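Turn these sequences into a full structure, and let the hints guide you.
These protein sequence lines map, in sequence, to chains A and B.
Sequential numbering of the first sequence, starting at 1, is according to my numbering.
Sequential numbering of the second sequence, starting at 1001, is according to my numbering.
Since the hints were derived computationally from the structure, they do not count as laboratory data.
Every value quoted in this text rests on a predicted model; they were computed, and no experiment measured them.
One or more of the hints may lead you astray.
Claimed, not checked - In silico lysine-lysine, DSSO-like type, Cα no more than 30 angstroms apart, as pairs:
#, chain 1, residue 1, chain 2, residue 2
1, B, K1370, A, K160
2, A, K160, B, K1298
3, A, K280, A, K482
4, A, K359, A, K447
As the list claims (entries may be wrong) - Quick list of the computed label-pair ranges, beta carbon to beta carbon:
#, chain 1, residue 1, chain 2, residue 2, range
5, A, G450, B, S1359, 50 to 58 angstroms
6, A, A158, B, P1050, 49 to 57 angstroms
7, B, D1445, A, V19, 29 to 37 angstroms
8, B, G1054, A, A158, 54 to 62 angstroms
9, A, L63, B, P1200, 44 to 52 angstroms
10, A, S206, B, P1050, 38 to 46 angstroms
11, A, L63, B, M1051, 29 to 37 angstroms
12, A, G4, B, D1445, 47 to 55 angstroms
13, A, S206, B, G1056, 36 to 44 angstroms
Heads up, the beta-carbon is just placed ideally off N, CA and C, and yes, glycines get one too.
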Amino acid sequence: MSGGVLIGLILGTPLIGAVLISLCGRWPNVRETVTLTTAISLFVLVSQMIGPIAAGETLRLSLAEPIPGLEIAFQLEPLGMVFAMLASGLWIVTSVYAIGYMRSNNEPYQTSFFAFFAIAICGAMGVAMAGNLLTLFIFYEVLTLSTWPLVTHNRNEAAKQGGRVYLGILLATSIGLLLPAIIWTYSITGTLDFTPGGILELDSISPLAATLLLTMFVLGVGKAAVMPMHRWLPAAMVAPTPVSALLHAVAVVKAGVFTITKVVIYIFGLDFLATLPLEKFLVYLAGFTVIAASLVALRQVEIKRMLAYSTVSQLSYIVLAALVLAPFAEIGAAIHIVAHAFGKITLFFCAGAIYIAAKKTRVDQLHGIAWRMPFTMVAFTIGAVSMIGVPPTAGFVSKWYIVAGAFQVDNFFVLAVLAISTGLNAAYFLPIVFRAFFQAETVPPAKDHGEAPWPMAAALTLTAALTILFFFFNGPVVDFEKGILEVAS
Amino acid sequence: MTLIEWMPFSVLIPLIAAPVCALLPGRVLPWTLTFVSVLASAVICALVLPMAVGEGPLSYAFGNWPPPVGIEYRVDAVNALLALLISAIATIILPWARVSVNDEVPDRQGPFYALFLLAMSGLMGITLTGDVFNVFVFLEISSLSTYALIAHGKNRAALLASFRYLIMGTLGATFYLIGVGFLYIQTGTLNMVDLAERLPALADDRAIRTAFGFIIVGMGLKLALFPLHRWLPGAYSNAPSMVTVFLAATATKVAVYVLLRLVFSVFGVEFALAMPFEEIFFTLGAVGIFFASLSAIKQTSLKRMLAYSSVSQIGYIALAISLISTAGLSAGLVHIFNHALMKGALFMCVGAIVYRIGSDRFADLGGLAKQMPLTMLAFVLAGLSMIGVPLTAGFISKWALISAAIEAGNGYAVGIVLIGSLMAVIYIWRVVEIAYLQPAPDNADMSRRREVGLSMLIPLWILIAANFYFGIDTRLTLDIATRGAEVLMGMTP
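This is the structure:
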């Protein structure tokens, strides 16, 4: 199969899935079969690209040329490859989980839920495979708009409010900052292609203007949730938990940090960025976000909101790592995209499982719950340990590379941020674990309960296992990501 | 007959058909005649366009009186595109309009459609003619018939709105005529090409400058340039739905065209630069975008909201023109075209909603996405184009406009365009939220709340498809607009 056809299929599969899902609304079992089949086919298709990419082939597809000289084009590179694998692979797990969740909670509007979910995945695939900034922007907006119906799924006042903040911030940042940044870049360079080594040069833009441009990119990609553009993420927690788990812990937010990483590596180029005088300012901003979001997380009582702020903090790890401008840190950024995904999706799955089984949503209700839901709470513990960054979990691997990168360029600010953040993460995750395992139930639940339905328990066990496995078997991913540095240097 | 000899018939066919149409009885005959003549006009325009773009200005002398003595029709990339837009929109609207007109204008449809033909041929005439007095004649033809069309609205408020528009429109036309009078006194000609040759020598003449001022204000009234826009919301919201769709998509655009043609082709870029044209248009455009969007946000009914949105979109065009560059003019021309597509589609949605539930107030729209899924989906998609989401025509407009502003080094223009887009998010998405997330109001008559028929849906979705087509393939729009901008800037003959 030629590269172009493959890319076309990867984009088309979730879209066709979405159409079929809406057509099969009357038969829930058929509809869910369509979701699962689509998710599995997508994963198989995406994995077909590993071979060619590892062999250094160029997979490229050009669809149209809406603006003279600017194409809607796709081109794969290692970073996007990993993101695509991650999103499509976890979509399968999440679909299984979502079926359990939606059915046992008797959620309304399930057909549109699964349909928009598939469209959002198409958006994520487009972001991952985009060959230039215009294409990336198009799918970035597809992702924003297709997730709005998911966020407002419950259609009550809270959902409406959450939806407003969500759409408001994401569109305001993308139209208000990202789009002009893209057009500005285009007007300077005449191209938006992701080019190894970057497309901006010192003789075409002054250092000060370049710093402003970079700031517009970092803040304009609202999905990366760098403060002060982070408020949409807690607002998005009104969505059903499967949405929070896959989209607001993996696909949407990772699309954000992925975009920033792409811009840093392929638009600015590491060497060019290193010459900018005020680039440090953004490092400080990301560092501030890491710490501040952790502090806010510490004070949350809603499990999902706490996880959301934890995500804000973890995303800025990636932004921070990308902006350290050290080779190891870039690898660390790429790996943290994967590592955080496994850990955070597990945590959200657990939060959803607790809600479905026990109808509990607050951290102060979890006394002794581990003895009723052992699988869930063990998985939660693994996810939490990974967030803190302790072996043997995925979070340790990426932190290792980020720390190594910080040492490469002697950036002690980053080291301090990582150290403080580790402490803070422990401070808000470990009490939950302690409470769940070692404190007695204060009030017995109204209804006796065990684990959540098996699809949910199976899904969270699997992602927890992945969190641990990634610690031991991360070699292929790391090798793959080294490819970024080869093309970048 | 050659193609160039057919070209005037794009104006003449509807003009000649109008009196016939007025005499036809019943409902079917007037509509059929109107549709056939409008379609014929569109076909001619579609055939003329490639020739006008490829071979440069096509000239046709009426009655074989050679210009500048006789009236000349002169077609180049700019007005060929606009003429196609007007006639094509009219062709798409008519099948959509049948049921809506039956509902809103049950009797005496012959005269109603005749007025529509007159309005349409007037707009076509303004677009194609190369004679400044002839512009006035057609301006009056289209304006007078438009006043009558607006007065056909169901509410009594339509009469007041029509009267207001009549006063403002007549003022505008008179101002324009005074300007033309000055030009004629000083130069002795009314032909645009001729004027363009004679005016540079008179650039310092006070009467010419006064003429410029009168023409700008006159056309500013017709195109509803902020703060001369007060007639527009009333006219749009009270007219029959079909008239609103047509006016919103075409009428103000034609006034913009006249302004562009006179300022750039007749007076010339140098003259415009010597006058405070740039500053005035930039300020009015920017202020207009902001305040009209703000008004749109404050409205509580669809038609008025979209009407204010139209005023703000005119602000974008004014802003683009004020950059006085090829890129700016090209952005303005593209937006004229693209805005017609999106506003046409949006007003068609509103027309369908009014046809079904008899109201366009937000309070009545709750839950409508369930009962009219295709109409509301079309509203969302056209709304996305309005906001300027990528893959839509609106995105191309925004891109062209922002690029032009960056090229001109005008950061304020970039800022105001972006602010306007974000305000569009607010007023469009408010409707989406009501239709999709709110339950139907308690007193809603559920038997009336159902999807409209195919005769309305197909034209609507053709426009929606066009919004996306021209967001992806911009050869027709962006290329011709760039070429038109070069013509206007005097770079090519």
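Discussion item. To test your reading of the hints: which numbers does this structure violate?
Written reply: Violated hints: none at all, because every hint is consistent with the structure.
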